[in-house]
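Novice: Listed here are the chains, written in short residue letters.
2 protein chains.
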Amino acid sequence: MAKNDSFKVRAQELSHQTPEYLETLFAVGNGQIGVRAGHPLKVNELYGGNPGSFVNGFFDSEPIQYGEWAYGYAKEHQTIIKLPNLRGVRLQIGDEDSSASEWQVKPIQMTLDLEKGVLDESYKVVTPLGKTFELVMQSFASMTRSELYVCQYQIKNTNFSEPISMTHPLEQKAAIVQTDDPRVASKAHHLRKADYQDYAIWTAENSQRSIAIRVINGEKQLQAEETLTTVFQMKLLEDNQNHETPFNQELADFEVLLQEQQQSYQQFWAASDIQIEGDPVLQKGIRFNLFHLNQGAGRDGRTNFAAKGLTGEGYEGHYFWDTEMYLLPFFIFTNPEIAKALLSYRGKILPQAKQRAQELSQEGALFAWRTIDGNETSAYYPAGTAQVHINADIVYAFQLYERVTGDQAFIETVGSEVVFETAKFWLSYGDLVEKEGKLAFCINGVTGPDEYSALVNNNFYTNKMVQNNLYYAIELAQRYGKYQETISAWQQAADLMYFGYDEQRGITKQDDGFLEQAVWPFETTPAEKYPLLLHYHPMVIYKHQVCKQADTVLAQMLYTGDFSLEQLKKDYDYYEQVTTHDSSLSRSIFSVMASRIGDSEKAYRYFMDTALMDLTDLQKNVVDGIHAANMGGSWLSLIYGFAGLYYDQGLRLANHLPQKIKELKFTLFYQGEPVKISLKDRDIDCQLAETTQLLATKADGGIWIKER
Amino acid sequence: MAKNDSFKVRAQELSHQTPEYLETLFAVGNGQIGVRAGHPLKVNELYGGNPGSFVNGFFDSEPIQYGEWAYGYAKEHQTIIKLPNLRGVRLQIGDEDSSASEWQVKPIQMTLDLEKGVLDESYKVVTPLGKTFELVMQSFASMTRSELYVCQYQIKNTNFSEPISMTHPLEQKAAIVQTDDPRVASKAHHLRKADYQDYAIWTAENSQRSIAIRVINGEKQLQAEETLTTVFQMKLLEDNQNHETPFNQELADFEVLLQEQQQSYQQFWAASDIQIEGDPVLQKGIRFNLFHLNQGAGRDGRTNFAAKGLTGEGYEGHYFWDTEMYLLPFFIFTNPEIAKALLSYRGKILPQAKQRAQELSQEGALFAWRTIDGNETSAYYPAGTAQVHINADIVYAFQLYERVTGDQAFIETVGSEVVFETAKFWLSYGDLVEKEGKLAFCINGVTGPDEYSALVNNNFYTNKMVQNNLYYAIELAQRYGKYQETISAWQQAADLMYFGYDEQRGITKQDDGFLEQAVWPFETTPAEKYPLLLHYHPMVIYKHQVCKQADTVLAQMLYTGDFSLEQLKKDYDYYEQVTTHDSSLSRSIFSVMASRIGDSEKAYRYFMDTALMDLTDLQKNVVDGIHAANMGGSWLSLIYGFAGLYYDQGLRLANHLPQKIKELKFTLFYQGEPVKISLKDRDIDCQLAETTQLLATKADGGIWIKER
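Keeping their order, the protein sequence lines are chains A and X.
Under full-length UniProt numbering, the first residue of the first sequence is numbered 1, with each subsequent residue one higher.
Under full-length UniProt numbering, the first residue of the second sequence is numbered 1, with each subsequent residue one higher.
Just so you know, these hints were derived from the structure itself, not from any lab.
Keep in mind it's a predicted model, so treat the numbers as computed, not measured.
Some hints could be false.
If several chains are the same, the list does not tell them apart, and a pair holds so long as it fits within one copy or across any two.
With a cut-off of at most 30 Å between alpha-carbon atoms, the simulated DSSO-like pairs for lysine-lysine come out as follows [claimed, not checked]:
1) Lys529 / Lys106
2) Lys131 / Lys569
3) Lys435 / Lys156
4) Lys529 / Lys354
5) Lys660 / Lys569
6) Lys106 / Lys569
7) Lys529 / Lys75
8) Lys438 / Lys569
9) Lys106 / Lys662
10) Lys529 / Lys662
11) Lys570 / Lys438
12) Lys482 / Lys620
13) Lys620 / Lys698
14) Lys131 / Lys680
15) Lys665 / Lys124
16) Lys235 / Lys680
17) Lys435 / Lys569
18) Lys8 / Lys354
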């Protein structure tokens with residue numbers, strides 16, 4: 001396979017070709033705009049599929065209807081708006097009209113060029129009256145001009161001489177999704193369109209959010225071999241913005257835009273690429289994952305990374321803890337500017353988080369479990385608001401960002417307030433109580449990452465993360481001379497944090513009651529009853545020892561150094577046998593920890609189960625969008641797992657390569673410097689910049705990279 | 001106060017006179033029909049108040065909208081239908097029409113005659129043109145003919161000579177209640193009316209339930225001093241019933257109906273009256289409570305006792321565990337036929353309970369937490385379906401019924417299957433696990449009676465009740481030679497039932513985690529923040545030591561004999577200080593237990609806080625209906641508390657009279673025989689029937705009544 005072939009994902013290489021699946025996988029985006037690879041002629045109901053376009057942060061809202069209301073419940077749903085299939089065109093040849101009768105359209109090829117950041121397609125088209133031609137398309141969402149989506153159309157090999165009229169009749173009806181699947185959710189949104197001189201403004205009726213869309217070169221009479229380059233300029237409008245002049249930018253032509261795109265991707269790959277020897281399919285799959293991570297991340301500080309990126313409607317376009325715990329490690333170590341933008345979003349929604357804490361009669365701030373604009377939208381609080389660990393997850397990410405980049409200025413201006421306000425929340429929500437005969441700081445009535453337990457006392461992961469949150473708050477308070485009067489209370493809470501441990505079994509307790517519950521009857525549960533959440537009432541799931549995903553094991557991945565190898569192994573073995581991996585966030589963590597406890601072959605199996613999750617449609621729901629966190633998880637499996645990356649006063653790396661992977665090469669950025677890491681067989685090496693402030697030492701078969 | 005004055009409740013004696021409040025208190029009912037004491041001229045929007053009529057079991061349904069759906073959730077709301085103000089009449093004198101312009105109507109008197117079961121009213125009416133007259137009304141829902149509501153109108157003292165035309169234009173619009181109060185709930189229902197020859201059929205659009213209403217003598221031209229007796233015949237139609245001939249009964253005239261009514265109440269009071277010396281207001285208040293208990297109980301085996309009786313729309317007309325734990329003791333000991341009818345309802349809905357257990361992937365049967373037709377309608381399962389203790393509550397009531405009445409035949413035909421199926425559920429839902437170093441039967445992930453904790457492990461009340469349920473199942477299985485193969489498993493589960501106990505503090509654990517949580521910050525919670533459920537998010541409430549109502553104390557009331565007096569006192573003192581009594585089911589239980597642990601004065605204070613709850617509108621929501629369970633609770637406070645009634649191989653009674661109550665006299669029925677009990681000062685006496693199978697012995701200052 002030639003080098004750049006491993007950067008090309010072709011539709012015909014994939015296991016199936018259903019339109020909705022390809023629309024997701026071949027969606028192009030730039031963190032602001034995402035366009036599904038919809039049928040090129042679909043402008044109305046005539047052609048199949050579920051195409052559409054998304055603008056990060058453009059959502060509609062509606063009141064949440066509760067069967068039974070209670071005080072403090074989240075008030076409104078938020079749903080990302082699916083805009084029309086921008087790339088879809090109406091073609092007319094003489095009296096024939098592709099929007100009036102169905103034209104035969106057969107793909108010749110559909111290739112996502114990961115290296116250049118461009119989607120190349122060509123189709124063989126036959127009209128009802130037998131006119132044939134090829135439609136060639138090249139499209140991308142510009143990485144350098146975030147408002148632009150560009151699509152070039154070319155007509156080739158016609159068997160007729162008339163011109164083809166090409167137009168973009170953008171229309172949008174209310175989008176209504178009805179489903180019982182809680183992973184998708186049922187919502188409706190309604191759009192109002194107002195036409196202006198050379199653009200239109202689309203307004204969501206309830207949220208009153210608006211975007212302006214300008215279609216440049218949307219229409220043309222094309223002769224054979226001619227091209228039309230349509231540029232869509234899309235701008236999310238601020239509430240107080242003057243709607244009359246949303247666009248004031250001069251636009252470059254297609255070649256310039258294309259060149260910029262390629263340069264941007266060149267930089268991206270230089271920083272982010274992971275080279276894997278020994279498995280070309282895996283190599284391509286990993287690049288596909290990294291490509292989608294680059295496509296989905298909001299970069300403007302006002303938007304974040306939706307669970308499905310900008311590729312589909314799954315999870316309503318909401319932002320979760322996925323960003324901090326599954327995506328930010330990749331960005332922090334390879335593209336810290338994007339990490340900074342994503343973290344800035346949390347700073348921006350801090351007022352909503354403060355408001356939410358107040359609604360819960362608590363001090364400080366509590367970030368929304370799921371949101372677009374910062375307000376809590378979780379309609380089932382036991383697996384929503386009760387996952388208060390999101391506060392500490394966000395703080396963990398700020399802290400990791402600082403440690404890896406050294407960017408204290410950002411922490412001072414943005415991060416520190418988040419850290420202080422969340423620390424205040426913990427002091428308010430947690431309780432200093434007598435526990436097992438002594439005073440302990442307990443966090444009761446919460447839900448940890450494992451959503452198959454809910455409203456428990458002392459979730460291990462939560463307590464571990466909160467302890468870190470408090471210590472970091474103390475560090476920053478001391479650094480910036482703030483909250484001197486609170487430091488001792490934070491110190492006491494952190495020092496007395498309760499961690500449950502079953503002395504008899506020698507197992508870390510996921511929560512106070514977990515180990516005392518009956519183990520789920522796995523042996524009598526048929527395969528078709530998974531995922532359990534779709535086949536069992538929550539209260540039945542909750543009362544069992546059964547995990548949807550890594551919880552204690554995730555805490556131990558983040559704080560591996562705090563545990564003996566023996567303890568890590570015992571906990572791993574115990575929790576592995578009660579985990580269903582019904583969440584796509586699970587296997588990557590089990591992979592990392594398998595690497596770290598010395599079972600590289602198991603680590604490889606877990607990794608391979610998910611590295612190609614979307615390309616192979618493992619979970620059968622790629623139609624709703626990519627699984628962004630799982631893509632970030634595949635990076636974790638490789639870098640935190642096989643390469644053992646762990647922060648410990650610097651970067652520690654180790655070689656945990658499984659048999660099947662012969663060689664692994666990648667770059668990390670530490671203190672602003674690139675560090676090239678290579679693993680081969682049992683060796684590990686690193687290459688520092690020519691002029692470096694870093695020092696790499698080899699120890700215990702690994703490498704420890706520190707500041708001089 | 002003359003004897004029968006203490007049977008007369010007069011509107012002018014009450015603290016306030018708002019129409020909705022009087023409508024509830026003066027509602028008349030017979031367990032099948034309930035009619036609020038609405039404005040006599042209200043047939044449309046012209047007059048105020050919120051009048052209406054109810055037929056037990058006549059409800060509409062609609063799908064429950066969940067913010068986020070999950071498997072096994074209850075599917076439909078059910079809401080009792082508010083029918084028109086049956087007693088409201090349209091009057092016309094010449095050109096004047098009471099339904100077209102507002103006539104002045106001033107009550108002269110409004111008296112509920114508890115002794116006769118009749119509501120007596122008279123009003124002074126003035127028309128816009130100055131015609132004046134008195135409207136005298138006498139109304140009741142017939143206790144002997146459950147289909148009939150009777151209202152007699154008389155015109156007196158006219159200042160004019162024309163006749164008055166009186167008509168009953170029954171119309172009903174869709175009733176829509178919108179509220180955020182979870183104790184009321186927001187629902188809509190829609191009625192369709194079809195007219196037949198001399199009756200109409202009203203059908204609820206979604207549930208497709210129908211009733212036929214015949215209005216007999218609804219219209220007349222009345223001269224002064226003349227009367228019109230209108231009879232409403234109302235019949236809930238079975239699905240397969242021929243709608244053409246719902247009525248085939250000959251009707252008696254008013255005097256006969258009235259006489260029957262008085263005889264019925266004579267019998268009722270002979271069996272049920274409680275005589276209290278020393279406090280006439282209390283005496284009347286208690287009778288008022290017993291009267292409403294008699295009015296609300298469904299007697300046809302297909303209906304039950306709604307939380308608000310048939311007096312209002314609160315709690316949507318649903319049946320809860322209130323029936324078994326707060327109302328059935330009264331009926332079992334005074335009117336066992338009504339108790340039998342209420343328990344028969346549980347037998348009738350057993351198929352729905354079996355279905356529900358299946359939906360929860362469990363064996364046996366799980367009764368709905370709230371329902372009309374037997375299907376679960378609780379839209380918030382942590383304080384609904386998770387209150388699985390209702391299963392054991394129902395079994396407790398069957399068992400008490402059998403012990404007190406000796407009616408084994410009913411247990412064999414109806415009760416035993418309920419007992420077996422619930423026992424199967426427990427074996428399926430509970431888990432035999434290792435707990436505190438030994439094997440224990442644990443019931444995890446449930447909510448006990450105290451709704452300020454949810455989804456806990458090993459709720460003490462639940463485990464205690466389930467143990468009893470299992471033992472009773474074994475007893476019946478042995479008696480009837482059934483389930484021989486399951487007895488040993490039931491025995492093991494019951495014998496190994498887990499009960500949490502805090503050795504250090506010497507306190508019974510409400511659940512595994514309760515005592516390890518922080519105590520609610522009562523000292524910093526202002527009075528206006530109660531009830532807590534209206535001012536704090538559930539997860540904040542749940543994570544604290546705070547009880548809405550008696551839980552452990554309720555278990556100890558039911559099984560007082562299983563605990564040492566010292567333990568009862570310690571637990572009482574502990575739980576009392578963390579209980580808000582935000583539920584109207586709380587204080588009566590604390591009163592009973594205060595009596596039993598020797599604090600009669602505290603028992604009296606708790607009793608007095610609630611004995612007159614509705615007459616004084618203590619909770620400010622009498623407008624939504626009476627608090628039936630609290631009325632039953634006042635009986636418990638008196639009989640289980642002050643008179644110490646406790647089943648122990650017979651009836652044990654004791655004298656715990658508080659200072660303020662000089663004398664207490666009442667009748668209980670045991671093994672079909674009346675037992676007259678009198679308490680005075682420190683004495684207690686009983687009088688058995690002349691020919692008796694019972695034996696009364698005095699012991700420990702109390703009386704023990706057993707079978708010979």
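Novice: Failing hints, ascending?
Specialist: Of the numbered hints given earlier, those the structure breaks are 1, 2, 3, 6, 9, 10, 12, 13, 14, 15, 16 and 18, listed in rising order.
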